[in-house]
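Asks: Here are the chains, one letter per residue:
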Amino acid sequence: MPSNRPITPSSLSIKDLPWQIHWNKDKCTLCGSCTAVCPVNAIELGVFRKRIVETALGINSSSSSVSKVYQGIRQKTDPAYSCVGCAMCTQVCPNDAIMPMKSDEAGKLAYHINRGGQPRRRGGRRNVPGGLLDQIKFIRISMLTDPALDAGRHEFELRTLLGRVLPPEESIAHFKSNGWIPPVREIYPLVIGSMSFGALSPPMWEGLQMGIAYLNEEMNMPVRMCTGEGGCPPRLLRSRFLKYVILQIASGYFGWDEIIHAIPEMKVDPCAIEIKYGQGAKPGDGGLLMWNKVNKLIAAIRGVPTGISLPSPPTHQTQYSIEESVAKMIQSMSMAWGFRVPVYPKISATSTALAVLNNLTRNSYAAGLAIDGEDGGTGAAYDVSMNSMGHPIATNIRDSYLNLVALGKQNEIPLFAGGGVGKSGNLASNAAALIMLGASGVQIGKYIMQAAAGCLGSETDRCNICNIGLCPKGITSQDPRIYRRLSAEDVAQRVVDVYLSFDTELKKIVAPLGRSTSLPIGMSDALGINDFNAAERLNIKYVV
Amino acid sequence: MCRLFAITSDTPVSPLVALNALDVMREGHDGSGVGLFLRDLGGPFEEMKDAPILSGIFSKEGIKRLDTYMMNLGFMTKFKISFKLPKKLPEGMPARDVYLVRAYEYPEAWEGRSLQELGNELMHIRLKLREMGQEKQDMIVFSFWPDVVMLKEIGDPLTVGRFLNLDREDLKARVVMAQGRQNTNYAINLYACHPFFVEGFSTMTNGENTAFVPIREFLKSRGFPGYTGFQSDSEVFTHILHYTMKELGLGLEAYKHIITPLQEAGIENHPNASLLKQLKQSCRSMIIDGPNCVIGSLPDHSLFMVQDRKKLRPGVVGGRPGQYAFSSEICGLDAVIPDRDKSKDFQPMHLDTAIIGPDRQEINICHQTDPLPRLH
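Chains as they are written, first to last, in the working numbering: chain A, 545 to 1088; chain B, -11 to 364.
Since the hints were made in silico from the structure, they are not lab data. Where hints are given, some of them may not hold.
To be verified - So the derived list for chain A, only partly shown, Cβ under 7 Å to chain B, looks like this:
(1) W724
(2) T1048
(3) K1052
(4) I1053
(5) R1059
(6) S1062
(7) D1069
(8) V1088
Claimed, not checked - Computed footprint of chain A on chain B, listed as stretches where at least three residues anywhere in the stretch have a Cβ under 8 Å from a Cβ of chain A:
(9) 6 to 19
(10) 253 to 267
(11) 323 to 330
If you're wondering where the values come from, they're calculated on a predicted model, not measured in any experiment. Cβ atoms here follow ideal geometry from the backbone N, Cα and C, with glycine treated the same way.
Extracted from the complex, chain A is given alone in its bound form (with noise of 0.2 Å):
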């Protein structure tokens, strides 16, 4: 900064910001690669004037000094092109020239991202890393009282339901005098969560469903993903592959024109229909598709026009109480398919989750609760919402697996607990942490971002860029020149990675408990923690 010029409230040097790029003179070629591919153009070309002594080393010449200039790469402090921690200089740099690394203390930067009035916006989860479900262990190992099961030679059965059960005595009863049968799916306990058409890339949506038609037809594991509210390709609609599909509807009802219409037209009944009155990453707040992704394709599916935000609706504006917003909700969607399409609310976790619970269990046509908890991820979000709002997963499902045990239904309204699930990368094991506290399935998004499509996001909030559409892997971009990066064909193959290592690493969890047949849901007795207070309110074992 020239000594000329007045320092603004938001001059910021980079020590300031949460990011510094090192780059290094001499292994650098000036290749330009870096500057290129940087998703917010906080690199530029830098011309550096160097002075440079040169001393003589006769008594007769004498010494002087020179003035030389050299090209480098300069890290940009205004805040609007401030680092985000992407790393793709240092994937893109020919000579391991570049990398950016984090500061040592809290950046400044927070302090000024909210120019013209705006409160900063992001992708990602919530900035604080690990949490409670890594915690957790897995105290009750079969030995001698009974044999631990062999993981990899045995047989096992671990499906779980998504759809109303009714109770036995009902069940008997109605099938008996031919009565309705609440259509119940028998699917795979991980369910990829709700990312919608628009909040992710063609190639990621349509590597994800690939993936997904590959588990079902050649690996058979009948795996779900839900479409978050973003409607659904209408080739999609038409097609066989639906039956793998839960189609979101949200407070927006975006692309439910193009989905009513193709009714008539589908070949098969979708899996099931989730209503979404939360998500964990921002609670009371409705979703957001920023401008920026917009473009002609997604402005088509969602039938709005192109390059304009599309902020949801915290709520579903046409209903006022938890009656109409449930009841009649679930009726009517559950009439749009003749009654033979499971349908059931996705919150997010809340101190009120009984109440809503509660009042599903007196709806009989409610098919199942989905609890989103603060650790979910999201594509945009006010950051506020994202760090400071929402209930943690591992007490709200508890809580509700035990509500439902009280009321005796807790085989009847299955329970799928999501957000942050495997954020420390132990995907297994918090899974099963959670299908122990009670919930039937696991949802995720995040995780599979990351694992099936390299998303580099992180808690220490790297990256996490989601909602402007500059992806640096394509993943959550709706430009093509960025998403061509990404081919839909490797995400598919990373999904059934993905999943076929889960699945082992699951059933090195059940087997040694002892569990094959069926399930562990609420089997608590195999779960131990260190923390008492943790252990007291989850009604869990206390080991040290």
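With the hints as your guide, set chain B onto chain A.
Replies: Positioned in the frame of chain A, the structure of chain B alone reads:
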């Protein structure tokens, strides 16, 4: 592991027969306890098939409290068995005041009540006595039911049997079930000792039930007072049997479909696929995750054995018309019915329910892939 032996015979047999079989199989159990279940009684009980018999262990104070309680209800003692115990207590056996087997006359006011009502009342009285006993530690009640006697004690099965002098004419039965070993996974407690009993249904189990906690939660939330106790993870097998047959009105052939349902392909190919799918889903919380071998007795005097899906526990059935036995090991069977056609011995596998009907004429094998009878 524990060892199981059950016999059903046209002519009443002494419970010591079953204890001898357990003794032959002693390599397979640790001799830490014994449980006996007798049904279809011979001897003096033959003449009082309808009279409810109370079985349990009482202290002197407990007996007094029992008498007051039963008299207030209007029950009169009809017949009792007196155990004269030797002075010297065998090693490992706790000292008890009274082993009680006592048949009662129903209160006069109960006349005209249906069997269902009577059964329900008897269960409530048993549970009340159990509660009273646990409060003051002076009564342990095993069963209160017509034509059923139960006995449980800590100690080596044969030693206990000899100490109590069970080889006596007035304590013979046509159906005898015996289990050797105390519960080991949870606290030592006679209520954790097999066989378990609820409203005429009784089972005993070899093996651990790893799905115990979710099953217990499910049964507790059914609102049926008899589903209680749960001192042993095996007790739920009795409750599930009762639930299947009494609450759901299904036959014994459905029991295995509840505790270890067929897997996906098996159900698809089954003639009752739609019913089985529904049962599997709505009864999912009762799926046991073995390994378990269950032997049970039904109110109609049938005796059966089922294996779980893993079939990791031993179990064999054999005998001849008029006398059949289920045993954990063949040596147990050999000890009791040596003169049978051994080629007809059968070891139930993961899909089988082996049933000896009340007529004791043959072993019926109910295969899980067989069609189910029509629902009534």
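Asks: Tell me the numbers of any earlier hints that the structure contravenes, in ascending order.
Replies: 1, 2, 3, 4, 8, 9 and 11
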